[in-house]
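Trainee: Each chain, letter by letter, is given below.
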Amino acid sequence: MTAIATNPPRDRRSPLERAYARLGVLLIAPTIIVFSLVIVYPLLAAIYLSVFSIYTPTLQGDFVGAANYIELLTGGAFWHSLGVTLIWTVGTLSLQIIAGIGLALLLHQNIWFRSLARSLVLFPYFLSTVVAVLVWRWLFNDLYGALNHGLIQLGILDMPLDWLGSMPNAMIGVILVGAWKYFPFVVIAVLARLQTIPENLYEAARIDGAGPVGRFFDITLPQLRSVLVVIILLRAIWDFKEFDLLYLLTGGGPVTSTQTLSLLVYQEAFGLNQMGQAAAYSVGMMLVMLAFMVLYIRRTGGK
Amino acid sequence: MANVTFRNVRKSFGEFVALEELDLHINEGEFVALLGPSGCGKSTTLRMLAGLEFPTSGEIMIGDRVVNDLAPGKRDIAMVFQSYALYPHMSVGENIGYPLKKRGIKGRERDDAVQKAAELLQLDALLDRKPKQLSGGQQQRVALGRALVRDPQVFLLDEPLSNLDAKLRSYMRAELIELHRRLGKTMVYVTHDQLEAMTMASRIAVMHGGRVQQFDTPDAIYNRPANRFVAGFIGTPPMNQVEGTVEGGHFITGGHKVPIDRSAYADALRDGPVVLGVRPEAITIGKGEGLPATVRLAENTGHETIVTLELPDRTRISARVEAARRLDVGHSVALTFDPDAIHLFEASATGARLNLDAKSASVVSMRSK
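Read top to bottom, the protein sequences are chains A and B. Take 1 as the starting number for the first sequence in UniProt numbering and just add one per residue. Take 1 as the starting number for the second sequence in UniProt numbering and just add one per residue.
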């Protein structure tokens with residue numbers, strides 16, 4: 001703006017256009033300022049911290065250069081947690097998408113309890129994670145849990161199973177709870193899109209000889225494509241960073257079997273009091289996510 | 001190829017009755033237009049034939065088969081939608097080939113059929129485009145291509161031209177007539193545009209209030225309308241209707257006698273109230289002898305002038321005169337009607353034609369609800 005004001009001969013815009021431009025700058029300024037404070041500053045601070053060895057309680061420490069990053073690349077903890085994160089993200093995201101599309105299709109039908117079901121389906125998403133996890137831990141409990149009790153009653157199990165304390169049950173457990181908690185998001189987004197698909201397309205397909213399955217793959221799925229791209233992008237980011245659900249459910253255990261990168265960073269920073277190393281891990285985590293997102297946006301055409 | 005029969009078909013949506021009672025027989029290879037104002041039941045009729053709606057009662061037959069319980073894909077029909085309903089994510093070629101794909105026709109055979117349909121509709125240069133890259137007229141042709149690629153028994157067209165501009169519409173009308181002549185297939189065409197129905201159809205079913213009012217050739221629909229609705233719906237401007245009475249074989253309105261051709265009515269002409277129908281082109285505007293009227297409006301369209309006239313009882317009628325004729329608004333004139341072009345209807349609001357011949361009478365008989 002100052003450049004514009006001090007160079008009047010080069011500015012051929014009318015006073016009204018300049019007034020609009022000033023208004024525009026004014027309107028986006030709050031966003032820019034808040035964004036800088038809460039995103040840009042912590043990001044730069046993390047990168048800065050990651051080249052120090054810092055003791056968390058005192059926040060004192062020495063410059064160590066790339067040592068934290070060498071530990072990241074060679075120490076194994078990062079790569080192990082990255083693997084866990086990928087299994088968790090892919091597993092829970094796939095279930096969310098499949099369950100979400102399935103339930104959205106069901107709720108799109110003319111069923112008599114539709115409006116009630118549409119509100120109820122949001123329930124897991126509304127529920128606070130702490131509450132949800134407490135309920136699930138009770139269900140999963142190996143001694144008095146409802147899940148084991150039910151499965152034994154049905155004759156599927158003959159012995160109670162340790163759901164969250166052993167592998168691969170713990171991973172299956174967190175993936176299931178994650179899917180349960182977040183699939184409503186997929187339902188709502190998909191349902192909104194389903195309602196805008198012209199009925200004519202289905203009628204034309206029926207006349208052209210497509211059955212229900214054919215109509216799903218030839219019309220519904222291609223029509224959902226654009227919204228699925230966005231949902232998968234958003235949910236992948238959020239699942240990749242998921243912290244509270246995993247921390248509360250297993251705390252990363254047994255041992256480090258469900259310790260995702262978020263949990264690793266937390267453990268390093270507040271369990272082992274190594275803030276510098278934790279910062280290096282979080283920078284690594286960000287780079288991995290960035291790489292995935294760039295790849296994904298390229299693959300889906302960025303349309 | 002096949003004929004199409006509706007037998008005692010009734011359709012209601014809850015309380016709302018869309019079709020009262022439909023009996024319609026469409027011959028093999030015929031081009032039939034279902035014509036009527038919106039809400040008359042014409043689209044419902046077509047959608048029932050397609051299998052997208054189910055009749056509440058009655059039977060629908062294609063050829064010798066009762067199709068009531070057949071899925072749309074099994075009826076061997078093709079449909080062109082008003083909105084075209086092209087699959088947006090598929091190319092033109094994939095759109096046209098889709099009905100074949102769904103019937104398990106693969107490879108060369110499908111490609112050849114798509115190519116043939118595309119050439120017929122001059123779409124061969126556009127096969128790789130997506131529908132949204134096409135103009136309205138091109139999308140229309142893709143929808144047609146998807147319909148004719150499969151060689152179905154019956155073509156169903158639901159207002160296919162109403163989204164096109166006037167120029168393209170008249171071009172596509174000619175194309176469709178040509179296409180029907182070439183394919184010789186049974187076609188059922190829904191429209192609210194009488195010009196489309198009159199120019200394209202071999203027979204027209206004029207529908208109103210969930211009933212077929214008249215099912216006949218365009219010529220008969222225009223020249224022998226079966227009731228006052230058909231008379232008032234067909235023609236631009238439509239047929240004038242003048243209330244009056246028959247006394248001793250003459251039509252009397254406002255104390256003036258209008259000569260009619262009594263021989264055309266035989267014993268149907270009884271004394272009592274009737275409605276006289278006369279088309280704007282059968283009215284002569286003159287001086288002296290005739291029905292007195294006042295000129296209210298003269299609209300010159302270039303090749304003719306439509307004159308709106310007011311009779312002493314305030315009924316407004318329109319007459320068609322040559323464009324050069326000057327008529328001053330407010331002037332009194334005398335009207336004479338061509339006796340051979342006069343139609344008489346029963347005086348009820350839904351009045352049937354007085355001298356209905358047996359054939360159309362069986363189809364029509366519009367009853368008041």
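No lab work stands behind these hints, which were simulated from the structure alone. You may find that some hints are simply not true.
[Claimed, not checked] Across the chosen pairs, the derived CB separations fall in these ranges: (1) A:Leu26 x B:Gly39: 30 to 38 Å; (2) B:Pro88 x A:Gly102: 50 to 58 Å; (3) B:Pro37 x A:Leu27: 48 to 56 Å; (4) B:Asp128 x A:Phe292: 51 to 59 Å; (5) B:Asp128 x A:Phe126: 46 to 54 Å; (6) B:Glu59 x A:Gly211: 22 to 30 Å; (7) B:Arg7 x A:Gln153: 35 to 43 Å; (8) A:Ser226 x B:Ala323: 37 to 45 Å; (9) A:Gly102 x B:Arg129: 51 to 59 Å; (10) A:Leu221 x B:Asn68: 49 to 57 Å; (11) B:Pro88 x A:Leu37: 40 to 48 Å.
[To be verified] Far from chain A, some chain B residues (derived; all Cβ distances over 12 Å): (12) Asp76; (13) Gln82; (14) Glu94; (15) Asp158; (16) Lys287.
Here the structure is a predicted model, which is why all the values come from computation and not from measurement. For every residue, glycine included, the Cβ atom is placed at its ideal position computed from N, Cα and C.
Trainee: Taking each numbered hint in turn, which are not upheld by the structure, reported in ascending numerical order?
Mentor: Result: hints 1, 2, 4, 7, 8, 9, 10, 12, 13, 14 and 15 break, sorted rising.
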